[in-house]
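Protein sequence lines correspond, in order, to chains A and B.
Each residue of the first sequence is one higher than the one before, starting from 1 at the first, in full-length UniProt numbering.
Each residue of the second sequence is one higher than the one before, starting from 1 at the first, in full-length UniProt numbering.
Since the hints were derived computationally from the structure, they do not count as laboratory data.
Since this is a predicted model, take the numbers as computed values, not measurements.
Just so you know, not all the hints are guaranteed correct.
Covered stretches of chain A, as calculated for chain B (at least 3 residues, CB under 8 Å) [stated by the list, open to error]: (1) 9-15; (2) 183-190; (3) 212-224; (4) 317-326.
Sample of chain A residues with no beta-carbon within 12 Å of chain B, all distances over it, derived [unchecked claim]: (5) THR85; (6) ARG267; (7) LYS287; (8) HIS416.
Using 20 Å as the maximum straight-line C-alpha spacing, the simulated SDA-like pairs for lysine to any residue come out as follows [to be verified]: (9) B:LYS252 with B:CYS284; (10) B:LYS329 with A:ASN3; (11) A:LYS315 with B:PRO17; (12) B:LYS145 with A:TRP372; (13) B:LYS329 with A:PRO290; (14) A:LYS329 with B:ASN3; (15) B:LYS369 with A:ASN3; (16) A:LYS369 with B:LYS369.
Backbone N, C-alpha and C define an ideal beta-carbon position, used for all residues, glycine too.
Protein chains: 2
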Amino acid sequence: MENMIPLWLKQRAFLTPNRLAIETESRALTFQELDESARALALTLATYGITSDMKVALLQDNTVEMITSYHAISYLGAIAVPLNTRLSARELAWQVSDCEAALLLYDNAHQEKVNSIVLERSSFQVCNINTLDQLVVGEEHHYLKAEMRSDAPHTIIYTSGTTGHPKGVLLTYANHWGSAIGSVLNLGCTLEDKWLAVVPLFHVSGLSIIMRSVIYGMPLRLHRHFDAKAVNEAIIHHKVTMVSVVTAMLTKMVEELGDQRYPETFRCMLLGGGPVPEPLLKVCLDKNIPVYQTYGLSETASQIVTLSPEHMITKTGSAGKPLFSAQVKIVDEHGDRVAANQAGEIVVKGPNVTSGYYKREEATQQAIKNQWLHTGDMGYLDEEGFLFVLDRRKDLIVSGGENIYPAEIESVLLSHPEVEEAGVVGMKDEKWGRVPVAFVKLKNKAKITETDLQMFCRDALAKYKVPTRFYFMDSLPRNASGKLLRRELVKRLPSDFQ
Amino acid sequence: MENMIPLWLKQRAFLTPNRLAIETESRALTFQELDESARALALTLATYGITSDMKVALLQDNTVEMITSYHAISYLGAIAVPLNTRLSARELAWQVSDCEAALLLYDNAHQEKVNSIVLERSSFQVCNINTLDQLVVGEEHHYLKAEMRSDAPHTIIYTSGTTGHPKGVLLTYANHWGSAIGSVLNLGCTLEDKWLAVVPLFHVSGLSIIMRSVIYGMPLRLHRHFDAKAVNEAIIHHKVTMVSVVTAMLTKMVEELGDQRYPETFRCMLLGGGPVPEPLLKVCLDKNIPVYQTYGLSETASQIVTLSPEHMITKTGSAGKPLFSAQVKIVDEHGDRVAANQAGEIVVKGPNVTSGYYKREEATQQAIKNQWLHTGDMGYLDEEGFLFVLDRRKDLIVSGGENIYPAEIESVLLSHPEVEEAGVVGMKDEKWGRVPVAFVKLKNKAKITETDLQMFCRDALAKYKVPTRFYFMDSLPRNASGKLLRRELVKRLPSDFQ
Numbered sequence: 001m002e003n004m005i006p007l008w009l010k011q012r013a014f015l016t017p018n019r020l021a022i023e024t025e026s027r028a029l030t031f032q033e034l035d036e037s038a039r040a041l042a043l044t045l046a047t048y049g050i051t052s053d054m055k056v057a058l059l060q061d062n063t064v065e066m067i068t069s070y071h072a073i074s075y076l077g078a079i080a081v082p083l084n085t086r087l088s089a090r091e092l093a094w095q096v097s098d099c100e101a102a103l104l105l106y107d108n109a110h111q112e113k114v115n116s117i118v119l120e121r122s123s124f125q126v127c128n129i130n131t132l133d134q135l136v137v138g139e140e141h142h143y144l145k146a147e148m149r150s151d152a153p154h155t156i157i158y159t160s161g162t163t164g165h166p167k168g169v170l171l172t173y174a175n176h177w178g179s180a181i182g183s184v185l186n187l188g189c190t191l192e193d194k195w196l197a198v199v200p201l202f203h204v205s206g207l208s209i210i211m212r213s214v215i216y217g218m219p220l221r222l223h224r225h226f227d228a229k230a231v232n233e234a235i236i237h238h239k240v241t242m243v244s245v246v247t248a249m250l251t252k253m254v255e256e257l258g259d260q261r262y263p264e265t266f267r268c269m270l271l272g273g274g275p276v277p278e279p280l281l282k283v284c285l286d287k288n289i290p291v292y293q294t295y296g297l298s299e300t301a302s303q304i305v306t307l308s309p310e311h312m313i314t315k316t317g318s319a320g321k322p323l324f325s326a327q328v329k330i331v332d333e334h335g336d337r338v339a340a341n342q343a344g345e346i347v348v349k350g351p352n353v354t355s356g357y358y359k360r361e362e363a364t365q366q367a368i369k370n371q372w373l374h375t376g377d378m379g380y381l382d383e384e385g386f387l388f389v390l391d392r393r394k395d396l397i398v399s400g401g402e403n404i405y406p407a408e409i410e411s412v413l414l415s416h417p418e419v420e421e422a423g424v425v426g427m428k429d430e431k432w433g434r435v436p437v438a439f440v441k442l443k444n445k446a447k448i449t450e451t452d453l454q455m456f457c458r459d460a461l462a463k464y465k466v467p468t469r470f471y472f473m474d475s476l477p478r479n480a481s482g483k484l485l486r487r488e489l490v491k492r493l494p495s496d497f498q
Numbered sequence: 001m002e003n004m005i006p007l008w009l010k011q012r013a014f015l016t017p018n019r020l021a022i023e024t025e026s027r028a029l030t031f032q033e034l035d036e037s038a039r040a041l042a043l044t045l046a047t048y049g050i051t052s053d054m055k056v057a058l059l060q061d062n063t064v065e066m067i068t069s070y071h072a073i074s075y076l077g078a079i080a081v082p083l084n085t086r087l088s089a090r091e092l093a094w095q096v097s098d099c100e101a102a103l104l105l106y107d108n109a110h111q112e113k114v115n116s117i118v119l120e121r122s123s124f125q126v127c128n129i130n131t132l133d134q135l136v137v138g139e140e141h142h143y144l145k146a147e148m149r150s151d152a153p154h155t156i157i158y159t160s161g162t163t164g165h166p167k168g169v170l171l172t173y174a175n176h177w178g179s180a181i182g183s184v185l186n187l188g189c190t191l192e193d194k195w196l197a198v199v200p201l202f203h204v205s206g207l208s209i210i211m212r213s214v215i216y217g218m219p220l221r222l223h224r225h226f227d228a229k230a231v232n233e234a235i236i237h238h239k240v241t242m243v244s245v246v247t248a249m250l251t252k253m254v255e256e257l258g259d260q261r262y263p264e265t266f267r268c269m270l271l272g273g274g275p276v277p278e279p280l281l282k283v284c285l286d287k288n289i290p291v292y293q294t295y296g297l298s299e300t301a302s303q304i305v306t307l308s309p310e311h312m313i314t315k316t317g318s319a320g321k322p323l324f325s326a327q328v329k330i331v332d333e334h335g336d337r338v339a340a341n342q343a344g345e346i347v348v349k350g351p352n353v354t355s356g357y358y359k360r361e362e363a364t365q366q367a368i369k370n371q372w373l374h375t376g377d378m379g380y381l382d383e384e385g386f387l388f389v390l391d392r393r394k395d396l397i398v399s400g401g402e403n404i405y406p407a408e409i410e411s412v413l414l415s416h417p418e419v420e421e422a423g424v425v426g427m428k429d430e431k432w433g434r435v436p437v438a439f440v441k442l443k444n445k446a447k448i449t450e451t452d453l454q455m456f457c458r459d460a461l462a463k464y465k466v467p468t469r470f471y472f473m474d475s476l477p478r479n480a481s482g483k484l485l486r487r488e489l490v491k492r493l494p495s496d497f498q
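Extracted from the complex, chain A is given alone in its bound form (with noise of 0.2 Å):
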């Protein structure tokens, strides 16, 4: 028999109702009025057809109303498609149209935005949260959920690929609990415990905040938009417990903070997003800061592998220890384990990894075996178990906590009338850790620069994936079978950007 579970928001609402569900520099909300929002949303979107196994797209910034969807969705056992904001207006419009999305769900400030994805496609109802006409509570509805199959799908969050299209992860109610579940074994909670979430909801890794909040009943501190000196007097005077941040966001807050010092019940920095520079981690160790660096992908409904801070020093550049219930091996190409500091693909297991792509069949079965995702990261364990990533996924360019795909954007420029052929890779950048750039080789005759390109990606691409240089070539590196040799691209660059 399916295993039920009680609607999450509505048991939190139940057993704590009083307590703090969500602030903001201007608002706070208990759980109970979370979930009176929630509940008079969804029947709002009911009246838009909206009802079980269907999509509804979110185009909105870090906002009460964002989390307030995410619940409304639930509570219709819809599904809900977090977009990245950042993406240009075709790549949403095909992310909407790909998921089937009855309803797009967006915010004031995306209005612009939107106008130009319906000029894209226009299969979908569009509506402003920001707009809607006061909601009404009304009574308890037969368009509500109270409970749901815990292996329902919640959400569908793209995800970039090494080829073409981003494909659209599916993950479950069990796969959120199940990162929930492993975070809190891993890191304990208590009544103190306040998160702060200021990494984008759109991204596992908000999404996961607002998830633990309503499982733990636990506050949520909410900014809309990254300001290190915001969130630091977050931690220092607001009494903020744990922030999920990536790399470059600690440079800048730890920059910030200059000679202040952190409270000592400030308990976990989680860390996540790519590799993180020794040198920061030194300072952070100096200055007490309780730094947990994680690996984990969309795939995995956030973290997946964690390394506390007592391992600071002693693992320096280990992303750590499975959580409980999770399981790291590393393979060879044959898919066989490899031994203790051999390297190889990491493989990974458990409750919150994902069952699949939505609609890619293939896809799915190449990735998932046996229940392992075979994630393309390569990595080793050392003989504690200790896991060590070496490389992210073939090429991936990691920007600001960004994943950016070498393949989306040649994909982009090779669709250009006078390109032939394009390779992208990342180079190094202070502020970003690393930006994209493009090698192209011109077709025969043809007059177009670098700004005609950068152009022309901006159209279709989201900024941050638009290459930042543009070198012109003969010809581009490829092996006997004809592939594209990225990693002798990266050769060209000058010897400080490689």
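Dock chain B against the given chain A, drawing on the hints supplied.
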């Protein structure tokens, strides 16, 4: 596909090998040491032919060996059947035989009883864990599991029912997991936690502490027997932060405590096993003891409803609200939900709730309908959803935290050749809460005394089940259809003892 989970102790020993797992007055073991002992014992049990799905009955005191036994059995994929050490040899023989145990693993303290059990039945092997040859930790062995199906049975715990023989409650890994997770989401957890196990490890209350210890990575302090002074010292001097107790224990602890206070770091007195007298709660309030009253059953793998200390006064008499993933409802005799403040049967649901009784298809179907367990206990929910338990299962006698079912004692009495009718009820007792007393109608011309019947019961029953008094009657009160009216019997008791 089945949900596979890493074996808990193996995973825990991998993740945090050097954390304290168990401490007693004289010993301390890390999780790695506990794991080594458990694997060694598992390999030894394998030489007895123990393998997946076989049952191993445990007759042991609260010792490190008892905890090791549980984990060793898991390592083989076998099922633990903890036996109540207070039962008579006849009762024990029946349970060992009913569960088809392949092995009875006991300790020195129970050698004599085991001799008697073997006289009763001998369809199983016996093994004294204290006289096992020095165990050798071998190479990692194909006998030892690394993963388990989450729906695999972990334990069979016998519980008496309203009729006839006890029934074996099947508890899966998922049930124990659900219980541990429900508890952590309610009580939180920190690296400073240490849980004292002084309740019996053969009860679900003790077993659940073992589970929490390995799942949370939290030290368990183990006391062999209950001694109020020792428990208070453990709290005051040995950094115990949480204790599971029953009312009779708490009463003695508070007495023994005198003018002393528990340190502020002591954060949870988990109080289960029946009704709590208000004066006791008041004393706890005065002494600032954080009492969490709970309601739970073997069938729910320990607590399923818990009252936080903040509601000790406002909700006196309530057992609280359900754990996060659990649900409670009150139904009438047709199974329909009743309104707030209306009494009815307590019906519960959640991941910690058993899927049934071992080899008792009919009893399972009667008790569990559509995933809801009908507890047989009576109670109501107030308008805020707080549970108030009115009566434990029909005529249940709770005596010092042990459940006693009149039907079981009556059936023993009725097996006496001179007894024609028998009825058993609970009589108030200052020390134990209640104790069983019997009303008996003898056959014509029977010439037996109270002492004869007491001796007869002692052969068949655990001491705590033997009626402390026998009342001889000419006839027992019955309703029109001949059903014994135990409530009428209660009225025959002296009014102070009703």
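Tested hints:
no.: 1; hint: 9-15; in the structure: holds (count 4)
no.: 2; hint: 183-190; in the structure: holds (count 5)
no.: 3; hint: 212-224; in the structure: holds (count 3)
no.: 4; hint: 317-326; in the structure: holds (count 4)
no.: 5; hint: THR85; in the structure: holds (32 Å)
no.: 6; hint: ARG267; in the structure: violated (10 Å)
no.: 7; hint: LYS287; in the structure: holds (21 Å)
no.: 8; hint: HIS416; in the structure: holds (45 Å)
no.: 9; hint: B:LYS252 with B:CYS284; in the structure: holds (12 Å)
no.: 10; hint: B:LYS329 with A:ASN3; in the structure: holds (18 Å)
no.: 11; hint: A:LYS315 with B:PRO17; in the structure: holds (16 Å)
no.: 12; hint: B:LYS145 with A:TRP372; in the structure: holds (18 Å)
no.: 13; hint: B:LYS329 with A:PRO290; in the structure: violated (44 Å)
no.: 14; hint: A:LYS329 with B:ASN3; in the structure: holds (18 Å)
no.: 15; hint: B:LYS369 with A:ASN3; in the structure: holds (14 Å)
no.: 16; hint: A:LYS369 with B:LYS369; in the structure: violated (36 Å)
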